[in-house]
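Chemist: One letter stands for each residue in the lines below.
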Amino acid sequence: MDQFLVGFGMIFEFQNIILMVLGLVVGIVIGAIPGLNVPLAVALALPFTFSLPPLAGLSMLIGIYKGGTYGGSISAILINVPGTPAAAATALDGNKLARKGQAGRALKLSLYASVFGELMSDILLIVLAVQIAKIALLFGPHEFFALGIFALTIIGLVSGKSLVKGLIAGAAGILFATVGLDPIEGEVRLAFDVYELTGGLKFIALIIGAFAISEALVQVEERATSKATAHVLEISKDRAANSLSLRELRKLLPTAFRGAGIGMFIGAVPGIGAAIAAFLSYGVARRLSKTPEEFGEGSLEGVAAAETANNGVTGSTLIPLLTLGIPGDVITAIMLGALTVHGLIPGPTLFQQQGDFVTALFIGMLMVTFLHLIVGYLGLPLFIRAVRIPPGILFPLVVALCVTGTFVATSSIFDVFVMLGFGVIGYLMVKFGFPIPPLLIGFILGPLIEVSLRQAMILSDNNALDLFSKPVSAAFLILTVIVIVSVGWQRLREMRSP
Amino acid sequence: MTRGGRDTLSGAVLLLGSLALLVALPGQIETLEGPDLTPAFIPRLMIIGIGGLSAILLLQGVLTLRREDTTGPAVELTDHLRGLGAVLALIAIIAIQTALLTRLGYLGSTALAVGALALLYGHRRWWHILVLMILAPPLIMLFFRHLMLVLLPPGSWFE
Numbered sequence: 001m002d003q004f005l006v007g008f009g010m011i012f013e014f015q016n017i018i019l020m021v022l023g024l025v026v027g028i029v030i031g032a033i034p035g036l037n038v039p040l041a042v043a044l045a046l047p048f049t050f051s052l053p054p055l056a057g058l059s060m061l062i063g064i065y066k067g068g069t070y071g072g073s074i075s076a077i078l079i080n081v082p083g084t085p086a087a088a089a090t091a092l093d094g095n096k097l098a099r100k101g102q103a104g105r106a107l108k109l110s111l112y113a114s115v116f117g118e119l120m121s122d123i124l125l126i127v128l129a130v131q132i133a134k135i136a137l138l139f140g141p142h143e144f145f146a147l148g149i150f151a152l153t154i155i156g157l158v159s160g161k162s163l164v165k166g167l168i169a170g171a172a173g174i175l176f177a178t179v180g181l182d183p184i185e186g187e188v189r190l191a192f193d194v195y196e197l198t199g200g201l202k203f204i205a206l207i208i209g210a211f212a213i214s215e216a217l218v219q220v221e222e223r224a225t226s227k228a229t230a231h232v233l234e235i236s237k238d239r240a241a242n243s244l245s246l247r248e249l250r251k252l253l254p255t256a257f258r259g260a261g262i263g264m265f266i267g268a269v270p271g272i273g274a275a276i277a278a279f280l281s282y283g284v285a286r287r288l289s290k291t292p293e294e295f296g297e298g299s300l301e302g303v304a305a306a307e308t309a310n311n312g313v314t315g316s317t318l319i320p321l322l323t324l325g326i327p328g329d330v331i332t333a334i335m336l337g338a339l340t341v342h343g344l345i346p347g348p349t350l351f352q353q354q355g356d357f358v359t360a361l362f363i364g365m366l367m368v369t370f371l372h373l374i375v376g377y378l379g380l381p382l383f384i385r386a387v388r389i390p391p392g393i394l395f396p397l398v399v400a401l402c403v404t405g406t407f408v409a410t411s412s413i414f415d416v417f418v419m420l421g422f423g424v425i426g427y428l429m430v431k432f433g434f435p436i437p438p439l440l441i442g443f444i445l446g447p448l449i450e451v452s453l454r455q456a457m458i459l460s461d462n463n464a465l466d467l468f469s470k471p472v473s474a475a476f477l478i479l480t481v482i483v484i485v486s487v488g489w490q491r492l493r494e495m496r497s498p
Numbered sequence: 001m002t003r004g005g006r007d008t009l010s011g012a013v014l015l016l017g018s019l020a021l022l023v024a025l026p027g028q029i030e031t032l033e034g035p036d037l038t039p040a041f042i043p044r045l046m047i048i049g050i051g052g053l054s055a056i057l058l059l060q061g062v063l064t065l066r067r068e069d070t071t072g073p074a075v076e077l078t079d080h081l082r083g084l085g086a087v088l089a090l091i092a093i094i095a096i097q098t099a100l101l102t103r104l105g106y107l108g109s110t111a112l113a114v115g116a117l118a119l120l121y122g123h124r125r126w127w128h129i130l131v132l133m134i135l136a137p138p139l140i141m142l143f144f145r146h147l148m149l150v151l152l153p154p155g156s157w158f159e
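In order, the protein sequences belong to chains A and B.
Following my numbering, the numbering of the first sequence begins with 1 at its first residue and continues without gaps.
Following my numbering, the numbering of the second sequence begins with 1 at its first residue and continues without gaps.
Honestly, the hints are just simulated from the structure, not real lab data.
Check each hint, because a few of them may be wrong.
What the hints assert, rightly or not - Cβ-Cβ distance ranges computed for the label pairs, FRET-style:
| hint | chain 1 | residue 1 | chain 2 | residue 2 | range |
| --- | --- | --- | --- | --- | --- |
| 1 | A | Gly140 | B | Leu45 | 54 to 64 angstroms |
| 2 | B | Arg103 | A | Gly140 | 45 to 55 angstroms |
| 3 | A | Asn462 | B | Leu142 | 25 to 35 angstroms |
| 4 | B | Trp126 | A | Arg385 | 18 to 28 angstroms |
| 5 | A | Val194 | B | Leu22 | 17 to 27 angstroms |
| 6 | A | Gly140 | B | Val131 | 17 to 27 angstroms |
Where a beta carbon is used, it is the ideal one built from N, C-alpha and C, also for glycine.
Assemble the whole structure, with the sequences as input and the hints as a guide.
Modeler: Shown next, in the form of structure tokens:
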């Protein structure tokens, strides 16, 4: 109880609440605008958090994450262009409802469903995280090495259509992380006689370049070649078309609980993500529905299923990050960067040494969910306007903020050029079908994997078989091999089939 | 470009790149060989891994190319070139803005970049662009100076 009161006192400060609201507004606006995405918003906000206290900075990032995940549904409903990949399932029925003059109902349901999914996910995080952290305290270098390899493999496999490309991206991320000083012996590696590279490639340059600049490059190419413009549907002034009755909401509760459950489970597993959760929930809801023929034609159940699941990942996705120090997706990878800059190392020791901070963070997650409902409801007219911002106004600001943010975070012109370089790499990865998330997560997990492996080898006198003598590390390594072989076999069969 | 073409090209480039890095690696990491894993271990392992996977990708690409139906609708070359031109222009604008950041100063370099980018992204209302060029850089600068307590470069040409 004492820890709860201390945590409450830490998070319940005016600055934190303002930043939560600001994060939610920025997240919803960015999520609503097609062409921008949540990782871009979180990456752009990251440099701003460096000069804030850790709780304040994280509060803003969590606000952007939750707001952005919901915001994608606004453009999905109004223009049938999902603002985020996870909102693609919402577009199936949300836009149909809007075409029937019920855009207001769809938008409100999307908000309520998102907040419900977030709340369930936050509760799971709070209940499970402490228990998992206690188990993780028993992990040593062998276990962390095996876990890092497993997490990276899963992310590499599920992040894109190609197993090989996902693994190449992950390996490239690890390789980029080795540039600079060796973490154990201090030797300079892969600097190619460039003085600035002795400090390594900066995390912020990679994040902003690979996610924001690459997106700007993709968008400028599309705008130069595409002539289509999206038509934004109007919201009806008829109150009945914009309201949801309690009876309707009660009928949707089983769908909401199911969707939240799917989102929570998917969120806790590294690499899978909100989009898969949303589509899985939508598919399950259609199968179990009494009116499956309405799906795809404007079904409220369809919108509820998709939105509870896609926001249901937001809390549980922090479980592997906070308890094991392993980011499960791009957003948590960026949050890992935010924590590290403030000297907070996620993992089991965070719960031991910074229990008050963790408690404050959990309470903060619940506060953001509560504020999401208020901000989402009151700010809806503003967010709808955001969908209409011309790209010619938006993208120059985004690029200006990318350059500014990177320069502010690193105080180095060289690192701004590195950011541009990663932007070009990210653009080429998109054009050639390579997934970007494994690159980032490989970059973050690379040092953990390398240090853990070298420590494990020192402890076991360079006996690699010792990795298999410890049950947890053996289990993760065997699982890794099984996953690679089974996915590889499946892909081979797909290639061979007519 | 077809999927087979993309895979073949990317596989070939990555394979050549990883072979080049493997050759260059000993000169890039000075380390004493010893019983423990050296600083060169992980970079070498990753380069070999990328090389091996690239070879698989190259093979996949070649096999896919042989199976692919290349008689689909032709894509306009002018569209391709227009898109590529826009991408190169954006890269150039960002590079020039960065190069001028400490010389012309934050305000000047960003105003020019913002204006050029607005045109590049297809915005044609000149007074919108002018307002954006005049307002955006100082607002961002004030935000960083007063709220984040970070100074942005004034420009060596004006010192």
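Chemist: Could you tell me which of the numbered hints above are not met by this structure, giving the numbers in increasing order?
Modeler: 1, 3, 6
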